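For the sequence shown, the tail end lands on 113 under our numbering, and the numbers increase by one without skipping.
If you are wondering where the hints come from, they were derived from the structure by calculation, not from laboratory data.
For clarity, every value in this text was computed on a predicted model and none was experimentally measured.
Think of the CB as a built atom: it goes at the ideal place given N, C-alpha and C, for glycine as much as any other residue.
A portion of the hints provided could be inaccurate.
Claimed, not checked - Between beta-carbon pairs, the in silico distance windows are:
id	residue 1	residue 2	range
1	Glu62	Leu9	33 to 41 angstroms
2	Leu9	Leu101	17 to 25 angstroms
3	Gly59	Thr87	47 to 55 angstroms
4	Lys39	Ser92	33 to 41 angstroms
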Amino acid sequence: PGWRDNYKLMLETTSSLTEILYIKGEHQECQLLGKEIQKHGRNLKDKVRSAMVLIELDGSRENYAAALKSGFKLLEQMQIPVTQNPTPTMVSREIKKMKKLLQTTTDKQFLSM
Numbered sequence: 001p002g003w004r005d006n007y008k009l010m011l012e013t014t015s016s017l018t019e020i021l022y023i024k025g026e027h028q029e030c031q032l033l034g035k036e037i038q039k040h041g042r043n044l045k046d047k048v049r050s051a052m053v054l055i056e057l058d059g060s061r062e063n064y065a066a067a068l069k070s071g072f073k074l075l076e077q078m079q080i081p082v083t084q085n086p087t088p089t090m091v092s093r094e095i096k097k098m099k100k101l102l103q104t105t106t107d108k109q110f111l112s113m
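Generate coordinates for the entire structure from the input sequences, incorporating the hints supplied.
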């Protein structure tokens, strides 16, 4: 039994365990499981949860370059355009848009985007 035979169960338990290991500070094990999900995940939706944990993990280790690279890659996969060298005006405009979106969107709606 494994990913092929019990995909949904493996995805949910491995994703949850990855988050738990990150919170507990067991970063090496967290990274290994996160990479396993990236390998076995069937689609982007299945991989996003662990990708976010891996990005947080890189940030917590002060490996900001890797966190940014992974974050940009994830946004690209989600077909979210990102300007590489935004002006201060562009940043301010996007922050305002995000604040409005967060205030008017439920968690369920946000996750289904």
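Now the hints, each set against the structure:
no., hint, in the structure
1, Glu62 / Leu9: 33 to 41 angstroms, "holds, 35 angstroms"
2, Leu9 / Leu101: 17 to 25 angstroms, "violated, 33 angstroms"
3, Gly59 / Thr87: 47 to 55 angstroms, "violated, 25 angstroms"
4, Lys39 / Ser92: 33 to 41 angstroms, "holds, 39 angstroms"
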